[in-house]
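Protein chains: 2
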Amino acid sequence: MNEFDLIDRIVAELGPATRGASVLVGPGDDCAQIDIPPGFDLVSSIDTFVQGRHFPAHAGGDLVGYRAMVVNLSDLAAMGAQPSHALLAMTLPDIDVGWMDAFCRGVRKACIEFSCPLVGGNITRGPLNISVSVHGLVERSACLKRSTAKVGDLVCLTGDIGGAGAALDLPGFMESWTLDGLQNLVPGDEGFAFRKYYLPQPRLAYARKIARLASAAIDVSDGLLADAAHVAKASAVGLRIQLESIPCFNGVPAKQAVVAGDDYELCFTLPEANLDRAQTLAQALNLPISVIGQVIERAEHASGVQLYDGQKPVELAFRGYQHFAGDNPV
Amino acid sequence: MNEFDLIDRIVAELGPATRGASVLVGPGDDCAQIDIPPGFDLVSSIDTFVQGRHFPAHAGGDLVGYRAMVVNLSDLAAMGAQPSHALLAMTLPDIDVGWMDAFCRGVRKACIEFSCPLVGGNITRGPLNISVSVHGLVERSACLKRSTAKVGDLVCLTGDIGGAGAALDLPGFMESWTLDGLQNLVPGDEGFAFRKYYLPQPRLAYARKIARLASAAIDVSDGLLADAAHVAKASAVGLRIQLESIPCFNGVPAKQAVVAGDDYELCFTLPEANLDRAQTLAQALNLPISVIGQVIERAEHASGVQLYDGQKPVELAFRGYQHFAGDNPV
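Protein chains in written order, with the numbering used here: chain W, 1 to 330; chain Z, 1 to 330.
Since the hints were derived computationally from the structure, they do not count as laboratory data. Source: prediction; values computed, not measured. All C-beta atoms, glycine included, are put in the ideal place defined by N, C-alpha and C. Accuracy of the hints is not assured; some may be wrong.
Okay, the calculated bits of chain W under chain Z, using three or more residues with CB under 8 Å as the criterion [said to hold, decoys possible]: (1) 40 to 48; (2) 85 to 91; (3) 136 to 148; (4) 171 to 181; (5) 197 to 210; (6) 235 to 248.
Sample of chain Z residues with no beta-carbon within 10 Å of chain W, all distances over it, derived [to be verified]: (7) 81; (8) 85; (9) 109; (10) 125; (11) 201; (12) 277.
Okay, the calculated beta carbon distance ranges per label pair [unchecked claim]: (13) W:244 x Z:1: 32 to 38 Å; (14) W:180 x Z:253: 38 to 44 Å; (15) W:39 x Z:12: 43 to 49 Å.
Work the whole structure out from these sequences, hints included.
Shown next, in the form of structure tokens:
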């Protein structure tokens, strides 16, 4: 099987996930061609997944494929955008048709669940590496940014954090989970942390609903503390975050949860006057949201984020995942 | 230096290459935000560059950066699009600031030369791997595809081919060329083949001019024979190509040039009635174009492309670069 046969097979496996009303030309030409409706801006992002760093070497293709897509879609959620299309570039050491078919099942499921057609890609030979570029549509007046948090706004968080990070330390992490197996797990099940890790849920629907209510947003990928610091820096504000207000997964200590990555919840700032409406919209989606702090004047604090336990400031030595620090491999 | 410091440095080095009138949000948020003017469709592509396969391990960062960008921009040319924006995902084994600065110089030069702002990206740790996603704008009635060649059309080619491929076999290939050094070379210079390899010129300007004249197009990346076969397959036609009509670089035999990749010239099909105008437009850009064959009915021929030397059919054993065939490393 050569690369062109493999691409034909991938496109066939993805099936309906490569198509959509706005897809004028899908996989198979030099570029895909996408209809952009008038009145929308495009938002664009790219992210890479490296075996042993962003997913464990033993993970099944279906989980890798699903996770690669949803983690990227989470960046669209952080802008309040609706997905328009995605592109996938893979570097593979060799052609393992079984793994690739499973990978395609995972990608297809994510694309269909979140209405994001995969319209093109590229395959080359080399150490396993997956890059996904995602694109979305947003009305200019409803684009969520990191740079627009205002002093006095509340800091809010969807769902809970720490679950994906906890999964890495549980013995069952080395098991061969499958997408179907994880999907059957519910909160309270022993393996639910693995579902949190492998199948994070980008908060696309909620982000679009609050895009005009919230003042700023980011998705929590590297850990709440690190990601909140990006908002603080971009907005030139401080964020005071109360550890006791943070919703943590299944008994994970808050000090651990704030430096654990991979949860892909949405951290957003909100004028207090909009809180009731934001809560009502969350309830309609059956999504818990929590107020975890407040936007304050920017102080001299190194990261712009100050953790508190009640009225007591808290300092943590480790502040989030760093790709070149040599720590924290999967 | 951690990844965030490195990203800050890259954005600073890229400078004006990250900005543009249509860039509403550039690097630094979860996504970039781009103004899409009404009346245009978006075209999108992604491509990956692996060290030792798409560029030699000894190549300077400036050449790798420039080449990674222009090779992708060539896919926009093949659609007749004008660039709108690009995203860059890099996997690096470690942080080599000198190499990275050089890489940024090359990227910046390409972005500015071809008016394509680089609006976002991602850096992770792992074996060196570069993925670039490029996006462009095209009016729906002026989008060039592979699938619309018509029987009777002429097959045309910009520039000449075989130069980039010839470079790989010349002893000077192992020298440490620099972007500035290569730019000073002119046709006839001994090292001009290296300029062809490292600094291919995407035919963006010409492609846009002929987008309504041509019936189909593809850029020549894997070799004319392989790429022409994609047009033949997508259009369900045959292509008869005359070896003696192919403009070859500096004495490279046509049989060798048609299976050499990396030239990034534009191969397009054209109703004969449009030839005069296509030639006039090419002359205005000082770009030679050649008629190299004709679109014929699809025959039983395996690839859809039939080479001729005058009236004599020619068969070649090797038909183009294949990523998983284990041959043809850089």
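Here's how the hints hold up against the structure:
1. 40 to 48: holds (count 9)
2. 85 to 91: Answer holds; 6 residues pass the 8 Å Cβ test.
3. 136 to 148: holds (count 7)
4. 171 to 181: violated (count 0)
5. 197 to 210: violated (count 0)
6. 235 to 248: n = 0 at 8 Å, threshold three: violated.
7. 81: violated (7 Å)
8. 85: Check fails; 7 Å does not lie beyond 10 Å.
9. 109: holds (21 Å)
10. 125: violated (5 Å)
11. 201: holds (16 Å)
12. 277: holds (23 Å)
13. W:244 x Z:1: 32 to 38 Å: 35 Å Cβ-Cβ, so the 32 to 38 Å window holds.
14. W:180 x Z:253: 38 to 44 Å: violated (56 Å)
15. W:39 x Z:12: 43 to 49 Å: Cβ of residue 39 of chain W to Cβ of residue 12 of chain Z: about 34 Å, so the range 43 to 49 Å is violated.
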